[in-house]
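S.K.: Residue-level listing of the chains:
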Amino acid sequence: MIATNYLKGVLSLAGKTFIILFLVFILLEIVQRSGILTKAIKVIGKLIGFVGYKKESSAPLLAGILLGIIYGAGVIDDMIKEQNIDKKQVLLVSIFLAMCHAIIEDTGLFMMLGANFFWITIPRIFLAFLVTFICSKIFI
Amino acid sequence: MNKVKDFFLSALKRTYRTFIGLMKIILPVYTIVYVLSLTPLLKMFGDFLKPAMKFFGLPGESALALILGNFINLYAAIGVIPQLHLNTHQITTLSLMLLTSHSQLLETSVFIKLKTRAVFLLLLRIIIAILIGLIMARIPNL
Chain U
1 MIATNYLKGV LSLAGKTFII LFLVFILLEI VQRSGILTKA IKVIGKLIGF
51 VGYKKESSAP LLAGILLGII YGAGVIDDMI KEQNIDKKQV LLVSIFLAMC
101 HAIIEDTGLF MMLGANFFWI TIPRIFLAFL VTFICSKIFI
Chain S
1 MNKVKDFFLS ALKRTYRTFI GLMKIILPVY TIVYVLSLTP LLKMFGDFLK
51 PAMKFFGLPG ESALALILGN FINLYAAIGV IPQLHLNTHQ ITTLSLMLLT
101 SHSQLLETSV FIKLKTRAVF LLLLRIIIAI LIGLIMARIP NL
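These protein sequence lines are chains U and S, in that order.
So the first sequence is numbered by my numbering: it starts at 1 and just counts up by one.
So the second sequence is numbered by my numbering: it starts at 1 and just counts up by one.
This is chain U alone, in the form it adopts within the complex (with noise of 0.2 Å):
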């Protein structure tokens, strides 16, 4: 009873997570492929500077948000170099990642466990935005 009760939670847990996994990096393959990447960079860019950001720390911020701060470490200290990001703009960055990355992936795996899609994503973004803000006019 015990063992079966075992097994079943984890071939539940490992099945799930499987097929998570499958559908976000369809998700994330569909994205890199399509060359929507160069024109989100260019949106954001515009989109963004309102909390503070110049136009060349959209491309981090969206390695960041997409690949998530361990994997997207690499391609986002080569981004901040190639393009000679400053300091501030590199706190801003990091306190946004710092508080919302790897949505795709990190969404997945947490509705998988039962958690309210809406709520682990829309107030989270939104979240990382207003403390982004704050402390662009408060701490720098």
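Certain hints may be false.
[Said to hold, decoys possible] In silico DSSO-like pairs for lysine-lysine, Cα to Cα no more than 30 Å straight-line:
id: 1; chain 1: S; residue 1: LYS43; chain 2: U; residue 2: LYS42
id: 2; chain 1: S; residue 1: LYS13; chain 2: U; residue 2: LYS8
id: 3; chain 1: U; residue 1: LYS54; chain 2: S; residue 2: LYS113
id: 4; chain 1: S; residue 1: LYS24; chain 2: U; residue 2: LYS39
id: 5; chain 1: S; residue 1: LYS113; chain 2: U; residue 2: LYS137
id: 6; chain 1: U; residue 1: LYS42; chain 2: S; residue 2: LYS113
id: 7; chain 1: U; residue 1: LYS87; chain 2: S; residue 2: LYS50
id: 8; chain 1: U; residue 1: LYS16; chain 2: S; residue 2: LYS13
id: 9; chain 1: S; residue 1: LYS50; chain 2: U; residue 2: LYS8
id: 10; chain 1: U; residue 1: LYS81; chain 2: S; residue 2: LYS113
id: 11; chain 1: S; residue 1: LYS3; chain 2: U; residue 2: LYS16
id: 12; chain 1: U; residue 1: LYS46; chain 2: U; residue 2: LYS137
id: 13; chain 1: U; residue 1: LYS39; chain 2: U; residue 2: LYS8
id: 14; chain 1: S; residue 1: LYS13; chain 2: S; residue 2: LYS24
id: 15; chain 1: S; residue 1: LYS54; chain 2: U; residue 2: LYS54
id: 16; chain 1: U; residue 1: LYS46; chain 2: S; residue 2: LYS115
id: 17; chain 1: U; residue 1: LYS8; chain 2: U; residue 2: LYS137
id: 18; chain 1: S; residue 1: LYS13; chain 2: U; residue 2: LYS39
id: 19; chain 1: S; residue 1: LYS54; chain 2: S; residue 2: LYS43
id: 20; chain 1: U; residue 1: LYS39; chain 2: S; residue 2: LYS50
id: 21; chain 1: S; residue 1: LYS113; chain 2: U; residue 2: LYS55
id: 22; chain 1: U; residue 1: LYS8; chain 2: S; residue 2: LYS43
id: 23; chain 1: U; residue 1: LYS39; chain 2: S; residue 2: LYS5
These are computed hints drawn from the structure, not numbers from a lab.
Chain U is fixed; fit chain S onto it per the hints.
M.R.: Okay, now just chain S, sitting in the frame of chain U:
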């Protein structure tokens, strides 16, 4: 046709690689927590942290997900959460707290590498996660 095949193969490869990486964390954590749940230890741990977790509307045992999530990573928390018997509201609260603050050892070291204010970011994430938990516990059921 080759393009479609290539597309799915690439997605499947990335899925497989990530899946193996995740399972290396999720399975041992799930197993240890399952064994602990058969002993009085998990309940003792939960009773001890009950007064603190009450502020987030969560049972004491869910502190284990917060601790493992912050010190190890989200996948360790994922090994714990299915065994906590939480309702949708509680899972959402715990998820939001974890999504805001997790993998602190590894992610803080990334911020150090980016030469930005890593300690400030570490404290910011922990404080915001606590505030989110307090607010989520006070909104009506989802």
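S.K.: Does the structure break any of the earlier hints, and which numbers would those be?
M.R.: 1, 4, 7, 13, 15, 17, 20
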